[in-house]
Amino acid sequence: MIAIRSPSDFWAGLLFIFFGSLFLYHARGMDFGSALRMGPSFFPIILSGLLVLIGIITIVRSVIVGGEPITKLALKGMLAITAAGLLFAALVRGAGIIFAVPALTLISAAASERFHWRTALIMAAILTIFCGVVFVYGLGVPMPVIGTWFVE
Amino acid sequence: MDVITDLMLGFGTAITPLNLMYCLAGVFLGTLIGVLPGLGPVATIAMLLPATFGLPPVSALIMLAGIYYGAQYGGSTTAILINLPGESSSLVTALDGYAMARKGRAGVALATAAIGSFFAGTVATLLIALAAPPLAEIALKFGPPEYFSLMVLGLLASVVLAHGPLLKAIGMIVLGLLLGLVGTDPNAAVQRFTLGVPELSDGLNFVAVAMGMFGLGEIIKNLENESDRSALVGKLANMMPTREDWKRIVGPIVRGTVVGSVLGILPGGGAILSSFAAYSLEKKISPRSDEFGKGAIEGVAAPESANNAGAQTSFIPMLTLGIPSNPVMALMIGALIIHGVQPGPSVMTEQPALFWGLIVSMWIGNLFLIILNLPLVGVWARMLMIPYHILFPGIMVFCAVGVFSLNNTPFDLYVMVVFGLLGYILIKLNCELAPMLLGFILGPMMEEYLRRSLTLSRGDPMIFLHRPISAALLVLAAVALCLVLFPWFRRTRAAAFAED
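Each protein sequence line maps, in turn, to chains A and B. Our numbering puts the first residue of the first sequence at 1, with every later residue one more than the last. Our numbering puts the first residue of the second sequence at 153, with every later residue one more than the last.
Bear in mind the hints are in silico, worked out from the structure with no lab data behind them. Be careful, since some hints might not be right.
Stated by the list, open to error - Here are a few chain B residues that sit away from chain A, every Cβ distance over 10 Å (derived from the structure):
1. M160
2. L170
3. G295
4. G355
5. V410
6. I485
7. E502
8. A505
9. I523
10. R534
11. I621
What the hints assert, rightly or not - Some chain B residues judged to face chain A by a derived CB distance under 8 Å, without partners named:
12. V342
13. P613
14. H618
15. C634
As the list claims (entries may be wrong) - Keeping only pairs whose Cα atoms sit at most 30 Å apart, straight-line, the calculated DSSO-like set for lysine-lysine is:
16. A/K76 to B/K580
17. B/K446 to B/K436
18. B/K373 to A/K76
All C-beta atoms, glycine included, are put in the ideal place defined by N, C-alpha and C.
Just chain A, same shape as in the assembly:
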């Protein structure tokens, strides 16, 4: 039985192989050309081949040489930050910053162990006002305060 002695190297190697193969897969069908006349897939294929190779060596290494373990993933943080970002993207035009900024603030704040409704609501209010005054009026970022869903 082969034991993985360096999980972080093992997974990094796997990730490299994944990305390398992904680029190789999408580079198929494109013109490779020649060294004299490089086609659109010339450089990408060389690079992704190299990346797959590095991935394989890294995995082999992870079995032979010891390394660092992977510490626990912050799943709650990953989820909250992702959701907050996506929701902001979905809301910013249609609903406007008056909804998008509080949504972003509250959901990301919820990722913290020290989340507290009152503090989070106060922060949301302050940040929304700040965004309106500084970004929209001050710097002229074209974000609607109240979005197109509500006003024509």
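Given the coordinates of chain A, assemble chain B onto it according to the supplied hints.
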């Protein structure tokens, strides 16, 4: 003398009230984000980039540059006070700086850092003034093979100090290069790796990628353990180094400045490599080498001088060659291009006021830093106490608004979120993000220079070794890699990251 006239022109530009104000704003903001955990210069500059569109190019650059070196200053403050390097360039400062703070000499350590930085900044400014014109001459002689080899050198030099196995760091470069190629191939007008998404035909937006990895990724990382930070701010009253201290820091400051200035010019070098090399050098030649790590004042003076010198001289390849040596410089290039200035050897002759104004502003900025920060240290220390759960939702809002305002499209926000997750996973796997980002920027440029070189040589790859400058650059790259394999270098490299 030419240099004097050039510098006078620079002073004329930098000393206008408007530019002085932007310089001050830049170094102030820079120090602030350097002190605040989880917000680095890359994310900050990316956020402020859209806001500088309306400014004159010189003012915009002066402010952005101020953020860059101000952040290092702030980073060393946190390194000394709470053993938490705010920026990676102050990693080694934490070793002896924090040890000094625990002995009640935090004030002296901070003053030493400030004095060293200022001296280094002054010398580096003069050095840029003297070295940039001849380097720009050389740069004009650079052909595609030289540019390609220079980029190879820059990319490899950037991983010399990476965590963990070297190969993994090189893998990150290659991944970055590949991601940089997403978009329309400029020569064949073919869509590459866009997965049929029309928004990707211009490629992934660099600011969105940078903000995702360095902003969001870092936030998720910090959410793992939200421990309270306690700062050693009790004994800051006594900041003046004693006569004995002065004697001990003069040598390290001078040597650190020299090391930093030289390494800063190397693409891929810059502040991190400089501070690290200066620390190793002092440890090697100091008669008190056993005190290093236990609060040797030399261990603060040398790296702090070096990182400031390196930060400043890293502007040289950016301004003269148009090649970024780190992600911050890449953003600077972005800023220049937005303002209609094409970075490269011609900046100096076509935009002398901009070039020299920026350089002189860096010296003025350093002066601001020393005047502003020694009395304000108490304020910065209190900033450290802002709990993270109050801070990070604000950072999220700034990241989101900043990225949205780039093109006013939600698509860039999706890119930011995806790269936030990817960045976090890569951090967890001990993969270095900075080399990847550098690769991302250089990807399309490298491909183009490779294509031109090979056309020039009729497809013979040996052209890179036949041209003397190109060959020399590649040899340097090989030396940089071999350096990592040296035992003493490895040991100090491990020691520098041990506290991380």
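Evaluation of the provided hints:
Remark: the non-interface label on B/M160 is consistent with the geometry, its nearest Cβ contact in chain A lying 34 Å away (cut-off 10 Å). With a least beta-carbon separation of about 17 Å from chain A, B/L170 lies farther than 10 Å from that chain, consistent with its non-interface assignment. At the 10 Å boundary, the C-beta of B/G295 stays outside the reach of chain A, the nearest C-beta of that chain being 17 Å off. The Cβ of B/G355 lies farther than 10 Å from every Cβ of chain A, with a closest approach of about 13 Å, so its non-interface assignment holds.
A cut-off of 10 Å between C-beta atoms confirms that B/V410 is not in contact with chain A; the least separation is 35 Å. Separation of B/I485 from chain A is adequate, the least Cβ-Cβ distance of about 21 Å exceeding the 10 Å criterion. With a cut of 10 Å on Cβ distances, B/E502 stays outside the contact zone with chain A, its closest approach being about 29 Å. No Cβ of chain A approaches the Cβ of B/A505 within 10 Å, the least distance being about 26 Å, so the stated non-interface status holds.
Listed as a non-interface residue, B/I523 keeps its Cβ farther than 10 Å from every Cβ of chain A; the least gap is roughly 28 Å. The claim that B/R534 lies off the interface holds: its Cβ sits roughly 19 Å from the closest Cβ of chain A, which is beyond the 10 Å cut-off. With a cut of 10 Å on Cβ distances, B/I621 stays outside the contact zone with chain A, its closest approach being about 21 Å. For B/V342, the interface hint holds, since its Cβ comes within 8 Å of a Cβ in chain A; the closest pair sits about 5 Å apart.
Because the beta carbon of B/P613 sits about 7 Å from the nearest beta carbon in chain A, less than 8 Å, this interface hint is met. A distance limit of 8 Å between C-beta atoms decides the matter here; for B/H618 the minimum to chain A is near 15 Å, and the interface restraint is violated. Look at B/C634: its Cβ only gets to about 18 Å from chain A, farther than 8 Å, so that hint breaks. Simply put, A/K76 and B/K580 have alpha-carbon atoms about 15 Å apart, close enough for the 30 Å limit, and the pair holds.
With a C-alpha separation of about 15 Å, the suggested pairing of B/K446 with B/K436 holds against the 30 Å cut-off. At roughly 11 Å between alpha-carbon atoms, B/K373 and A/K76 fall within 30 Å of each other, so this suggested pair holds.
When the structure is compared with the earlier hints, violations turn up for hints 14, 15 and for no others.
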